[in-house]
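Asks: Residue numbers (the numbering used here), protein chains in the order written: chain A, 11 to 269; chain B, 496 to 673; chain C, 7 to 358.
Honestly, the hints are just simulated from the structure, not real lab data.
Worth double-checking, as some hints may not be accurate.
As the list claims (entries may be wrong) - Here are some of the chain B residues that sit facing chain C, going by a computed Cβ distance under 7 Å:
no.: 1; residue: Y519
no.: 2; residue: M522
no.: 3; residue: V528
no.: 4; residue: T529
no.: 5; residue: F533
no.: 6; residue: S555
no.: 7; residue: P557
What the hints assert, rightly or not - Reference listing, derived: stretches of chain C covered by chain A, where coverage requires no fewer than 3 residues with Cβ under 8 Å from a Cβ of chain A:
no.: 8; region: 29 to 37
no.: 9; region: 53 to 61
no.: 10; region: 284 to 292
Even glycine gets a Cβ: it sits at the ideal position worked out from N, Cα and C.
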Amino acid sequence: MELIYGHPKSLKPIQTKYCPGCGHGVIHRLITEVIDEMGMQQKSIILNPVGCSIWASIYFDFDSVQVPHGRTPAGATAVKRMLPDHLVICYQGDGDLAAIGTAEAVHAANRGEKFTTIFVNNAIYGMTGGQMAPTTLVGQKATTAPYGRDPDEAGMGYPIRVLEMLATLAGTKYLARGAVNNAANVRKTKGYIKKAFEAQMRGEGSSIVEILSQCPTNWAISPVESVGWVESAMIPFYALGVVKDELAPVADTVKEASK
Amino acid sequence: MTEKTFMAGFGGQGVVSMGQLWVYCGMKEGLEVTFFPFYGAEKRGGIARASVIVSTEEISSPLVSAPDSAVVMNMDSLPLCEAILKQGGTLIINSSLVKVDTKRTDARVVKVPCNEIAERIGDVKFANMVMMGALSKATGAVKLDKLEAVLKTFFSESKHKFIPMNMQAIQEGADAVG
Amino acid sequence: MALEKRLMKGNEAIGEAAIRAGCDAYFGYPITPQSELIAYMAKHMLDAKRVFIQAESEVSAINMVYGAGATGARAMTSSSSPGVSLKQEGISYACGADVPMVVVNVARSGPGLGGISPAQGDYFQSTRGGGHGDYYHIVLAPKSVQEAADLTYEAFDLADEWRMPAMILADGMIGQMMEGVSFPEPKDPATRVAKPWAVGNRNGRKDVNHVDSTHLVPEEFEQALHARYARYEEMKKVLPRFEEHFVEDADLILTAYGTSARVCLGAMQMARKLGLKVGLFRPITLWPYPEKRLGELEGKRFLAVEMSMGQMVEDVRLYTHGKSEVSFYGRCGGMIPTEEDVLAEIRKILKK
Ligand SMILES: Cc1ncc(C[n+]2csc(CCOP(=O)(O)OP(=O)(O)O)c2C)c(N)n1
Ligand code: SF4
Ligand SMILES: [Mg+2]
Numbered sequence: 011m012e013l014i015y016g017h018p019k020s021l022k023p024i025q026t027k028y029c030p031g032c033g034h035g036v037i038h039r040l041i042t043e044v045i046d047e048m049g050m051q052q053k054s055i056i057l058n059p060v061g062c063s064i065w066a067s068i069y070f071d072f073d074s075v076q077v078p079h080g081r082t083p084a085g086a087t088a089v090k091r092m093l094p095d096h097l098v099i100c101y102q103g104d105g106d107l108a109a110i111g112t113a114e115a116v117h118a119a120n121r122g123e124k125f126t127t128i129f130v131n132n133a134i135y136g137m138t139g140g141q142m143a144p145t146t147l148v149g150q151k152a153t154t155a156p157y158g159r160d161p162d163e164a165g166m167g168y169p170i171r172v173l174e175m176l177a178t179l180a181g182t183k184y185l186a187r188g189a190v191n192n193a194a195n196v197r198k199t200k201g202y203i204k205k206a207f208e209a210q211m212r213g214e215g216s217s218i219v220e221i222l223s224q225c226p227t228n229w230a231i232s233p234v235e236s237v238g239w240v241e242s243a244m245i246p247f248y249a250l251g252v253v254k255d256e257l258a259p260v261a262d263t264v265k266e267a268s269k
Numbered sequence: 496m497t498e499k500t501f502m503a504g505f506g507g508q509g510v511v512s513m514g515q516l517w518v519y520c521g522m523k524e525g526l527e528v529t530f531f532p533f534y535g536a537e538k539r540g541g542i543a544r545a546s547v548i549v550s551t552e553e554i555s556s557p558l559v560s561a562p563d564s565a566v567v568m569n570m571d572s573l574p575l576c577e578a579i580l581k582q583g584g585t586l587i588i589n590s591s592l593v594k595v596d597t598k599r600t601d602a603r604v605v606k607v608p609c610n611e612i613a614e615r616i617g618d619v620k621f622a623n624m625v626m627m628g629a630l631s632k633a634t635g636a637v638k639l640d641k642l643e644a645v646l647k648t649f650f651s652e653s654k655h656k657f658i659p660m661n662m663q664a665i666q667e668g669a670d671a672v673g
Numbered sequence: 007m008a009l010e011k012r013l014m015k016g017n018e019a020i021g022e023a024a025i026r027a028g029c030d031a032y033f034g035y036p037i038t039p040q041s042e043l044i045a046y047m048a049k050h051m052l053d054a055k056r057v058f059i060q061a062e063s064e065v066s067a068i069n070m071v072y073g074a075g076a077t078g079a080r081a082m083t084s085s086s087s088p089g090v091s092l093k094q095e096g097i098s099y100a101c102g103a104d105v106p107m108v109v110v111n112v113a114r115s116g117p118g119l120g121g122i123s124p125a126q127g128d129y130f131q132s133t134r135g136g137g138h139g140d141y142y143h144i145v146l147a148p149k150s151v152q153e154a155a156d157l158t159y160e161a162f163d164l165a166d167e168w169r170m171p172a173m174i175l176a177d178g179m180i181g182q183m184m185e186g187v188s189f190p191e192p193k194d195p196a197t198r199v200a201k202p203w204a205v206g207n208r209n210g211r212k213d214v215n216h217v218d219s220t221h222l223v224p225e226e227f228e229q230a231l232h233a234r235y236a237r238y239e240e241m242k243k244v245l246p247r248f249e250e251h252f253v254e255d256a257d258l259i260l261t262a263y264g265t266s267a268r269v270c271l272g273a274m275q276m277a278r279k280l281g282l283k284v285g286l287f288r289p290i291t292l293w294p295y296p297e298k299r300l301g302e303l304e305g306k307r308f309l310a311v312e313m314s315m316g317q318m319v320e321d322v323r324l325y326t327h328g329k330s331e332v333s334f335y336g337r338c339g340g341m342i343p344t345e346e347d348v349l350a351e352i353r354k355i356l357k358k
């Protein structure tokens, strides 16, 4: 009998601490499914960031390094350089990557560091309780944007499209944006992750998969409403799809699978 | 007079707002007060606890380690409250959710079916207010005598329509203490 | 008439006090357990049409404070331990350039990311000049929500008067707990000290002003540092502040600051009820430390109680000049000592 659906080997069979409806859990699952498919469990290392996914290391059945807030790409740079035959995953939230860690993210990408960043964009600071993130949409409320993000009068700046910004750097080879708000998007996102991981193992440059993710708790809406909000508010601003693909052509089946 | 109370329940039972309102009323009655919530990295759900002290004197440690009274809102909280309650202290138990008897034979035990009373009033969400009424009656630490005026300053205007139900819940909680 | 008391979290009370002290600009970055403070400032600084920026990092925030302070504005930032480590760069520069500012640390447990529960492991960092170079700055340690508000209100004046950062060293307990608090009236801006050294508004001023910490000529730099240290000596004469209870007849004096001093007060009262002669010495200024008073008590027995592995205890030893027996009791990792724990330690030491 063929096994159609099971628990990924690389994901420990424990209940997560994430809130109901949170996107992090789904993203963890996608990562581990791809690792299992690639047979990389023994050679995967995750750099887990400061953010709700600080818990990531509890759930993944492979090694991890926890770094200071935002320094994730710096840590990942060094881990990958020391262990080039390993699959190195730099897991970051939007605050971690696009605020405090912008310098590290930009320069690791520019150097073309050969690890993969999984960038979880939930347009908010989840762990610290709902402050404005660099990716918070204009008008979106946050505890530090009590009247909504106001780029002009309050000088809060505009939401950052990270991939489009990094696409100008020669070091980036594969940039794609997915979402986990419905089954179709989950499937596509898995394809992006697989493509990025495989490119990493072939030794190509910097690869980043941004994933739009729900944070119903800090958006103060129900899990069901939150998947709708990704669709109606986030996707129109953060367009899904491959932003940059300069990977060397390979006879791959992944391209097909991710369609 | 110093009354140190430990409050415990699960997230969503209004343990934190009960503690805040308790000390707010105490402050309005001229007492020194302190309220220290348990704050964890865990997100929604989970445990909710608060250390709450009202006193006629300057309050020393805000952390309640040997409470004079413990409020037990759910089953899971009972063992912890039993473990730390001061010798001869008062255990106020939400008997709607806590169906077993306490092992603490020295304790004064007050049982109040908070959820049932709250549901009868109109919403189980008022269970915490029922409990607060019981706590006031059982300890006498905060009198809650000028309740209506105090509630008006505690709740924002938009919530004023719930004040009568809050008052009824608090009253019925007090009445439930024999 | 007594001012009306409000029930507030320590974090919010610090924010309100800062606004009343005339804080012109606030720059911060979110971190638990101080997040209510940045949220309070977001709302109320924007309402008051003052400057509020959520910076992209603590490094950025502290340098924004430095920039605002250089213009003579009253500027403030707040954070918690890991974030305050990042601010050390800016604090060192501010001390080097004599720029006043207010920095709030609602401390949590470390090292590293540690935990988010209250702790007092940042004493060394705060009182010894946590960044590089030779410097100190004012450190104030509140024990209650009221005192957190009062000291914050005052910190802006002290920072301006002495031209240096003034730090409020609180912890997660002070930040997260709610107590009754009353606030003084907003400060009249006319009472602020003049800042002829600040940049901007030149209005024909003959000399140009440079806010700068660079000194590339060693001879000159040495002199400048000596001048700054002479100012520190002045401060040591007038600034130290403390609270004490029953120290005169005490067989054992508890020393503690902030939250652990609250615990010690309770333990002392319990000990006194048992007939044990126990006193309490609580520094309010951690820098400058009330060393003179402690020196007067040398020879007595001390028990330092902290939420750390033992940091302030070194100052107790230092300022009792080796003439006192100094014991230590600490909880760490975010654990808070209970009054019962401290009483047990007292009884152990006094063998009673
Ligand atoms: C130096 C430092 N500053 C601040 C923090 C507090 N902090 C913890 S998580 C976090 C932001 C998390 O937001 P994000 O990266 O978007 O991750 P999410 O929780 O939303 O997944 C912050 C500011 C910290 N731990 N260290
Ligand atoms: S706060 Fe948001 S990001 Fe964090 S676990 Fe909950 S839903 Fe997920
Ligand atoms: Mg986020």
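Asks: All hints, please: hold or fail.
Replies: Against the structure, the hints:
no.	hint	verdict
1	Y519	5 Å, holds
2	M522	5 Å, holds
3	V528	6 Å, holds
4	T529	5 Å, holds
5	F533	9 Å, violated
6	S555	3 Å, holds
7	P557	5 Å, holds
8	29 to 37	holds (count 3)
9	53 to 61	holds (count 3)
10	284 to 292	violated (count 0)
In summary, the structure is inconsistent with hints 5, 10 from the numbered list given earlier, while agreeing with the others.
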